[in-house]
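One line per chain: the protein sequences are A and W, in this order. Take 91 as the starting number for the first sequence in my numbering and just add one per residue. Take 91 as the starting number for the second sequence in my numbering and just add one per residue.
What the hints contain is simulated information worked out from the structure, not anything from laboratory work. Among the clues, some could well be false.
Said to hold, decoys possible - Example chain W residues on the side facing chain A (calculated, C-beta under 8 Å, incomplete): (1) F96; (2) L98; (3) E107; (4) F140; (5) L154; (6) L158; (7) H160; (8) G163; (9) T164; (10) E166; (11) S167; (12) L169; (13) A171; (14) V172.
Said to hold, decoys possible - Straight line, CA to CA, 20 Å or less: simulated PhoX-like cross-link-like pairs of lysine-lysine: (15) K224(W) with K159(W); (16) K142(A) with K159(A); (17) K173(W) with K142(A); (18) K173(W) with K159(A); (19) K115(W) with K142(W); (20) K173(A) with K159(W); (21) K94(A) with K142(W); (22) K224(A) with K173(A); (23) K159(A) with K224(A); (24) K142(A) with K94(W); (25) K159(A) with K94(W); (26) K224(W) with K133(A); (27) K173(A) with K142(W); (28) K159(W) with K94(A); (29) K224(A) with K224(W).
Just so you know, even glycine gets a beta-carbon here, dropped at the ideal spot from N, CA and C.
There are 2 protein chains.
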Amino acid sequence: MPGKPFALSVKVMIQDENGRYLLLKRSASSKANAGKWDLPGGKIEPSESFDKALLREVSEETGLAITLKHVAGTAESELPAVKVIYLILEGRLDTGNVILSSEHEEFAWVERNELPGMDLPEQFIPFIRQYSQKAVP
Amino acid sequence: MPGKPFALSVKVMIQDENGRYLLLKRSASSKANAGKWDLPGGKIEPSESFDKALLREVSEETGLAITLKHVAGTAESELPAVKVIYLILEGRLDTGNVILSSEHEEFAWVERNELPGMDLPEQFIPFIRQYSQKAVP
């Protein structure tokens, strides 16, 4: 009994030296979740490892170099033709200033306790609610 | 600043028609976690999607056909040369009786509230503790 096909997307909670997290505001012209505050990251290309894909997406979307640290959690989104599973990592900012691509129109460094108040895509709300309540390591 | 390389492994909580979960006891001769109760699943081959990899591993390890449903959570294991991230799904048994490979020497269908009492590999203990406390959908 084959179910709906799955797709894997990788996202990252990037922390700066002050412990704040980077969110990216999706362009008003985005096909999905226009104007919402998104996590950096995206789809994995065929034959690309998830960590390479994530570093590439972060570089394309923000120009930043980061180091991936730990796994942070998951999210899920049921689209008409595919079920997207999000693997969410934690990363640390290494160097650079944010330079946005046309995909996003704004960025913000957000305190952990302010994360749940941001207007996020619906599929990330359960994750962010749980994540923001976790004790900081 | 490149960190330790990552590897992605996929695991699954397979439920039977009575809501019990399948665990597999690793062979006494296993290089790692010998004799521990493991979740079905394993490594993703190059250019293999995570869901195909998981169905293949389940078939190889148990002979079972399953349907993948939702994402269940994550786990992490720091090995000397690599950091393994586990993406854990939920699945439903379709058909078949368990036929073990040489990798495992026993299997058990376990009630949700009995999961935390099983002797699991250390990296799955936080996930199982949290998972067993979740309300059943």
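Hints versus structure:
For F96(W), the interface hint holds, since its Cβ comes within 8 Å of a Cβ in chain A; the closest pair sits about 4 Å apart. The beta carbon of L98(W) is positioned within 8 Å of a beta carbon in chain A (closest approach about 5 Å), and the interface hint is therefore held. Hint status for E107(W): violated, given a least beta-carbon distance of 14 Å to chain A, over 8 Å. A hinted interface residue such as F140(W) counts as satisfied when its beta carbon comes closer than 8 Å to some beta carbon of chain A; here the least separation is about 5 Å, so the hint holds.
Annotation: interface hint on L154(W) violated; nearest CB of chain A at approximately 13 Å, more than 8 Å. The beta carbon of L158(W) is positioned within 8 Å of a beta carbon in chain A (closest approach about 6 Å), and the interface hint is therefore held. Interface restraint check for H160(W): the shortest CB-CB distance to chain A comes to about 6 Å, inside 8 Å, so the restraint holds. Because the closest C-beta pair between G163(W) and chain A is about 6 Å apart, less than 8 Å, the hint holds.
Among the interface hints, the one on T164(W) holds; its C-beta lies about 4 Å from the nearest C-beta in chain A, closer than the 8 Å criterion. Evaluation of the E166(W) hint against chain A yields a held restraint, the C-beta minimum of about 5 Å falling below 8 Å. Residue-level restraint check for S167(W) is violated (minimum Cβ-Cβ distance to chain A is 10 Å; threshold 8 Å). Interface hint at L169(W): violated, since its Cβ lies 14 Å from the closest Cβ of chain A, which is beyond the 8 Å cut-off.
Here the hint on A171(W) is broken, as its CB sits about 14 Å from the closest CB of chain A, past 8 Å. The beta carbon of V172(W) is not positioned within 8 Å of any beta carbon in chain A (closest approach about 11 Å), and the interface hint is therefore violated. In summary, the hint linking K224(W) to K159(W) is supported, as the alpha carbons are separated by about 16 Å, within the 20 Å threshold. Taking the CA atoms of K142(A) and K159(A), the gap is near 13 Å; set against the 20 Å cutoff, the hint holds.
With a C-alpha separation of about 14 Å, the suggested pair K173(W) and K142(A) falls inside the 20 Å cut-off, and the hint holds. The suggested pairing of K173(W) with K159(A) holds, with an alpha-carbon distance near 9 Å, which does not exceed 20 Å. A threshold of 20 Å between alpha carbons decides the hint, and for K115(W) with K142(W) the separation of about 23 Å lies outside it, so the pair is violated. Distance hint between K173(A) and K159(W) is fulfilled; the C-alpha atoms sit about 9 Å from each other, no more than 20 Å.
Among the hinted pairs, K94(A) with K142(W) is consistent with the structure: their alpha-carbon atoms are about 12 Å apart, no more than 20 Å. A hinted pair counts as satisfied when its Cα atoms are at most 20 Å apart, and K224(A) with K173(A) does not qualify at roughly 27 Å. The suggested pairing of K159(A) with K224(A) holds, with an alpha-carbon distance near 16 Å, which does not exceed 20 Å. This hinted pair checks out: K142(A) and K94(W) have alpha carbons roughly 12 Å apart, not beyond 20 Å.
Note on K159(A) and K94(W): the hinted pairing holds, with a Cα-Cα distance of about 9 Å set against a maximum of 20 Å. About 29 Å separates the Cα atoms of K224(W) and K133(A), which puts this hinted pair outside 20 Å; it is violated. Using a Cα cut-off of 20 Å, the hinted pair K173(A) and K142(W) holds, with the two alpha carbons roughly 14 Å apart. This hinted pair checks out: K159(W) and K94(A) have alpha carbons roughly 9 Å apart, not beyond 20 Å.
At most 20 Å may separate the alpha-carbon atoms for a hinted pair to count; K224(A) and K224(W) meet this at roughly 17 Å.
Checked against the numbered hints given earlier, the structure breaks hints 3, 5, 11, 12, 13, 14, 19, 22 and 26 and satisfies all the rest.
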